[in-house]
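Respectively, the protein sequence lines represent chains V and W. Just so we're on the same page, my numbering is the position in the first sequence counted from 1, plus 394. Just so we're on the same page, my numbering is the position in the second sequence counted from 1, plus 394.
Keep in mind the hints are simulated off the structure, nothing from the lab. Fair warning: there could be bad hints in the mix.
Identical copies go unnamed one by one, so any copy, or any two together, can satisfy a pair.
What the hints assert, rightly or not - Computed list of lysine-lysine pairs in DSSO-like fashion (alpha-carbon distance at most 30 angstroms, straight line):
1) Lys685 with Lys669
2) Lys685 with Lys525
3) Lys396 with Lys560
4) Lys685 with Lys560
5) Lys560 with Lys525
6) Lys685 with Lys396
7) Lys669 with Lys725
Bear in mind the structure is a predicted one, so any value in this text is a computation, not a measurement.
This is what each chain is made of:
2 protein chains.
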Amino acid sequence: MKLLITGGAGFIGARLARTLLARGTLAGRPIDRLVLADQFAPPSDLLADVRVRGLTGALLDHGAGIAAARFDGVFHLASAVSGECELDFDLGMRSNLDSTRTLLDALRAAGNMPRVVFSSSVAVFGPDPGKPLPPVVADDTLPAPQTSYGTQKLMCEVLIADMTRKGFIDGRSARLMTVTVRPGRPNAAASSFFSGVIREPLAGAEAICPVDAAVSHPVSSPARTIEALIRVYEASRDELNGRLALNLPSLNVTVQQMLDALAAVAGPQVRALVKFQRDERIAGIVANWPKGASAARASALGLMPDSSFEDIIRQYIADCRAQPDAHLTLKGLTR
Amino acid sequence: MKLLITGGAGFIGARLARTLLARGTLAGRPIDRLVLADQFAPPSDLLADVRVRGLTGALLDHGAGIAAARFDGVFHLASAVSGECELDFDLGMRSNLDSTRTLLDALRAAGNMPRVVFSSSVAVFGPDPGKPLPPVVADDTLPAPQTSYGTQKLMCEVLIADMTRKGFIDGRSARLMTVTVRPGRPNAAASSFFSGVIREPLAGAEAICPVDAAVSHPVSSPARTIEALIRVYEASRDELNGRLALNLPSLNVTVQQMLDALAAVAGPQVRALVKFQRDERIAGIVANWPKGASAARASALGLMPDSSFEDIIRQYIADCRAQPDAHLTLKGLTR
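With these hints in hand, go ahead and build the complete structure from the sequences.
Right under this line is the structure:
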């Protein structure tokens with residue numbers, strides 16, 4: 395089978411690609427071709443696999459090529475992140491809505507009703523001015539996004555449901571929780587600090603936490619997120635049983651619990667590298683995000699959240715140790 | 395003040411225009427200019443008013459002009475109807491989503507944060523495959539459109555909420571119920587028969603009802619609908635108290651009750667002109683529509699549904715009698 399991952403050179407995309415290549419099959423069929431579309435080239439380890447091709451450039455420019463390729467399945471992960479969408483409305487509309495339409499129109503034009511997993515987001519939820527969010531948002535909580543990013547994700551969810559109803563594609567929307575711990579540099583996502591406050595201290599660097607320690611949020615490890623994306627892809631329409639958007643499992647934690655876990659796993663001197671310095675812009679965005687989420691429909695597919703934030707940190711440390719630059723990413727770790 | 399009505403030459407748009415011109419003011423300000431944008435020219439009685447201008451052509455082509463005009467307020471009623479959107483997916487996306495984006499981008503470019511009332515629809519609601527609709531859909535029922543029309547309306551609702559949050563416009567989305575009795579010819583809306591089964595017999599012609607008599611649906615008279623659009627325009631953000639989309643009031647009636655009302659108002663010989671002949675395409679669309687709606691938030695604005703379907707029919711008859719061609723539209727009426 396022939397698969398496409400948009401955002402395939404990004405953190406989740408590349409990790410999903412590695413997992414799929416190692417499995418060798420998806421939904422019972424061998425993976426013969428895996429195209430990684432992104433604005434930059436995929437990591438060299440992926441390009442070294444004979445099954446992999448890179449497709450570099452803006453998704454908006456690749457509609458005809460994607461239609462002609464007739465993919466059997468797509469993971470649509472490409473997205474501008476919440477912070478940049480909030481700063482530049484037009485960029486968000488173009489990157490998240492128009493690009494998705496280009497992709498979906500191309501998949502429809504291909505005529506083979508490909509399966510599509512769209513990475514939606516917990517950011518579709520938000521409080522009404524007149525009505526606070528429930529403490530835990532469920533699969534069927536009424537979305538009310540309070541960011542342009544969440545708005546664009548919700549618009550795509552609705553469009554994918556309709557195009558699936560029409561028989562153009564076989565789509566489903568997996569609402570990703572905040573994935574942590576992300577490696578690399580901070581990005582423009584308002585949620586970037588949820589990784590930064592763990593990653594930077596482990597690397598021996600100071601980290602700024604822009605929100606209060608009491609802030610609670612639903613998070614998921616990269617491994618659990620990848621596992622969930624694949625399971626949602628492999629689910630039959632009957633298993634999805636209705637609505638095509640579902641919450642992925644989350645561990646609902648406070649920043650305080652995250653930092654306590656960091657101290658427990660890496661020691662108090664690492665924990666001490668996190669300073670609190672409130673950023674009103676970030677804090678304002680995060681204040682409108684859910685404090686926790688439930689995932690009954692994902693649970694019915696057998697998907698479970700991470701068991702503890704300590705486990706999430708240990709997973710990150712193990713991932714770093716498997717990389718050649720482990721000494722750099724774990725410079726702060728003395729035990 | 396300067397107002398724009400898109401779909402301003404259509405049935406609701408022209409009637410709204412007449413009501414606004416007769417009032418002379420909106421939200422306490424005199425109406426100096428009323429632009430009626432539509433694919434065809436407005437009725438001549440409207441063009442005869444010195445305050446009225448027509449803007450003919452596709453909304454998609456008028457972005458720059460609308461931006462330059464700096465409207466104080468907009469009623470955005472222009473839309474492809476449900477039946478045609480279901481037959482031609484691309485037409486619906488272009489007419490209902492792309493045109494709305496062109497309009498909203500133009501209003502944002504004008505820079506004066508105009509007030510916008512968007513005519514959304516009860517068609518945003520629908521049953522999940524796994525979960526039937528509640529008997530009555532409320533303001534905060536989770537939308538799950540089962541038509542492309544409803545999907546496009548929902549996408550616009552969400553976009554308008556975000557552009558309002560950003561301060562680009564001052565938007566609100568009024569979910570219209572099925573407006574009946576519409577004058578004129580049947581159109582491609584799947585709901586067209588809700589008017590046809592009353593209008594055609596009153597004109598002495600046979601009418602086909604494509605669904606069972608037991609089908610229940612939320613309806614509203616033209617007069618109540620116009621009244622509600624104006625009230626939603628005039629509502630302050632505080633009065634809206636949260637979510638910017640709300641259900642307009644409806645009378646929830648079965649086709650049987652509609653026909654009983656027709657017999658009561660116009661006599662059994664008029665009622666006898668309605669024949670049942672099931673149309674699977676129409677019946678399939680209607681089966682996924684709500685059987686009734688509630689409108690708590692509209693009610694808090696003082697808006698009430700029609701008191702009975704008899705009243706709706708009497709309103710239609712009175713409207714016809716006020717027109718020069720009353721003898722044609724009421725040819726079936728012998729009392």
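Copy assignment of Lys669 with Lys725, given that the CA separation must stay at most 30 angstroms
within (18 angstroms within a copy, 82 angstroms between copies)
Are the CA atoms of Lys396 and Lys560 at most 30 angstroms apart within a copy, between copies, both, or neither?
within (23 angstroms within a copy, 41 angstroms between copies)
Since the copies are identical, ignore which copy is meant and state whether Lys685 and Lys669 lie within 30 angstroms (CA to CA) inside a copy, between copies, both or neither.
Cα proximity of Lys685 and Lys669: one copy only (22 angstroms, versus 56 angstroms across).
With identical chains, the pair Lys560 and Lys525 could be close in the same copy or across copies; at 30 angstroms between alpha carbons, which is it: within, between, both, or neither?
between (34 angstroms within a copy, 19 angstroms between copies)
Is it within, between, both or neither when you check Lys685 against Lys560 at 30 angstroms Cα-Cα?
Result: close only across copies, 23 angstroms inter versus 35 angstroms intra.
Between Lys685 and Lys396, at a C-alpha cutoff of 30 angstroms, which is it: within one copy, between copies, both, or neither?
Cα proximity of Lys685 and Lys396: none, with 38 angstroms in one copy and 44 angstroms across.
Can you tell me if Lys685 and Lys525 fall within 30 angstroms by alpha carbon in one copy, between copies, both or neither?
This pair counts as both: shortest intra-copy Cα distance 15 angstroms, inter-copy 27 angstroms.
Violated hints amount to a single one, hint 6; each of the other numbered hints is respected by the structure.
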